[in-house]
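Q: Generate coordinates for the entire structure from the input sequences, incorporating the hints supplied.
As numbered in the working numbering, the sequence shown has no gaps in its residue numbers, which increase by one up to the final residue, 563.
No wet-lab data here; the hints were simulated from the structure.
Please note that the accuracy of each hint is not assured.
Claimed, not checked - Calculated pairs, DSSO-like style, for lysine-lysine (alpha carbon to alpha carbon, straight line, at most 27 Å): (1) 66 x 129; (2) 291 x 126; (3) 217 x 171; (4) 217 x 236; (5) 189 x 66.
For clarity, every value in this text was computed on a predicted model and none was experimentally measured.
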Amino acid sequence: CDPMEARDIMWSRTRQGQGAKQPCPMGSIGVATFRCLAPDGIWEPQGPDLSNCSSPWINHITQKMKSGEMAANIARELAEHTKNHLYAGDITYSVSAMVQLVNLLDVQLRNLTPGGKDSAARSLNKLQKRERSCRAYVQAMVETVNNLLQPQALNAWRDLNASEQQRAATKLLDTVEDSAFVLADNLLKTDIVRENTDNIQLEVARLSTDGNLEDLKFPQNMGHGSTIQLSANTLKQNGRNGEIRVAFVLYNNLGTYLSTENASMKLGTEAMSTNHSVIVNSPVITAAINKEFSNKVYLADPVVFTVKHIKSEENFNPNCSFWSYTKRTMTGYWSTQGCRLLTTNKTHTTCSCNHLTNFAVLMAHVEVKHTDAVHDLLLDFITWVGILLSLVCLLICIFTFCFFRGLQSDRNTIHKNLCISLFHNTNTLLFSIYLQIACAVFAALLHFFFLAAFTWMFLEGVQLYIMLVEVFESEHSRRKYFYLVGYGMPALIVAVSAAVDYRSYGTDKVCWLRLDTYFIWSFIGPATLIIMLNVIFLGIALYKMFHHTAILKPESGCLDNIK
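A: Okay, here's the thing in structure tokens:
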């Protein structure tokens with residue numbers, strides 16, 4: 001590979017199949033590597049590996065922790081350092097440092113435990129010091145996490161491989177929850193502590209479960225668009241000695257680093273039929289109660305949470321998920337167990353789960369290549385011409401069947417109503433494209449007229465079968481029965497579908513049935529059944545034709561012999 005400069009490092013000529021090593025960029029410590037690929041002789045397309053690069057201040061923080069300085073003071077220094085430019089090594093070190101600091105804090109708090117010989121004033125003083133230390137530590141920790149999740153830290157995270165990103169993000173989730181409960185356990189009285197930053201909002205509460213309780217909502221500021229709610233019944237059932245400790249955390253930008261590779265997804269029809277990737281399309285929101293039972297607490301009343309979508313375009317098939325991980329390895333995966341979707345729209349999704357942990361909404365994502373204006377205009381023109389031609393031809397057919405008396409018959413009644421259904425279908429489709437106001441109404445009308453068209457096609461098959469079976473045409477018209485089936489069956493299916501789930505009529509993109517649920521089968525099911533029945537009628541008709549021809553052939557042979 002030829003010499004080149006990448007990531008502010010000059011890389012010398014390197015043989016194929018070997019890796020070059022250079023000191024990390026100026027201002028950082030460690031060794032960066034860059035691999036020359038064989039047999040092409042090109043540098044690794046992903047660029048150099050800077051995952052071992054870190055800032056010099058990590059040595060200073062390490063020395064501070066070894067010296068036994070107060071955990072809150074070290075956490076404050078860590079928060080200040082992480083405001084600056086970050087390298088990949090800074091991410092992994094900072095998260096590991098927070099794990100060590102919360103353990104150090106725990107040790108230091110034990111030294112402030114009131115003893116039997118302490119006076120009441122001295123005991124109170126120690127307890128107050130414990131609370132102050134915890135508050136100061138948690139405040140600094142929240143600032144550090146906020147710094148690690150800033151958009152400018154994205155490149156540092158990207159320098160870590162997927163498994164390192166996942167481990168660091170999982171450690172971060174775990175240590176923030178641990179720190180929250182250290183604070184909750186050291187609050188002197190029932191209280192709620194809130195720490196709000198751009199990328200993390202934390203709420204720690206020590207609450208009394210005696211008397212009347214209200215549902216607990218987080219966050220208090222609804223401007224964010226994401227909320228979670230615990231019922232009063234849940235709080236009472238999980239209380240101990242008349243109290244409960246609760247921790248809520250909301251993270252922005254963290255879901256990006258929690259891999260969706262092994263996610264368990266409930267795929268709708270649309271997701272099955274398209275090439276898509278799975279993304280975490282919401283903030284990660286944590287709810288936990290009583291530290292020792294905080295990991296996946298199962299509830300009598302489900303927890304309900306609403307999250308705002310990060311991306312509102314080209315996403316579908318929302319899955320209410322939680323991050324299931326093991327503390328020993330700090331690895332995990334997204335699971336949907338115990339969670340279900342309540343409502344969703346273009347910008348928000350509401351879920352309920354029967355347990356507490358770290359929640360988010362996963363969605364299928366499709367990259368769409370946007371066409372140019374000329375292409376869009378051409379497609380619009382073709383659509384308009386096609387629809388208008390269809391409408392004109394259908395009108396001619398309807399006029400012919402209605403006003404030519406010689407064509408009045410049961411069979412032509414079916415033809416006429418098939419044309420009427422297709423005409424209304426095309427009209428409704430045209431209006432639904434350009435009028436999004438009553439999208440659900442247009443979707444229901446399309447559903448009805450499409451089913452009506454298929455039903456009249458089915459009646460065509462029935463009529464064909466009757467004509468083949470009956471030797472003499474019946475004197476009684478079957479038109480009233482045809483009308484009853486032709487429009488009654490579609491109306492019944494649409495009515496039942498609307499009663500079961502009227503919200504599935506109309507989506508944010510098109511005025512049609514939702515494809516990410518089984519609601520689409522209210523159309524696919526009847527249509528498939530009708531097609532199968534018509535194939536059977538066609539088979540019977542062909543059999544009758546060939547059978548009739550086979551009978552006529554011997555008779556014509558006998559006539560030739562007589563002649």
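Q: Hints numbered earlier in the text: which of these fail when held up against the supplied structure?
A: Number 5 - this is the single hint that the structure violates.
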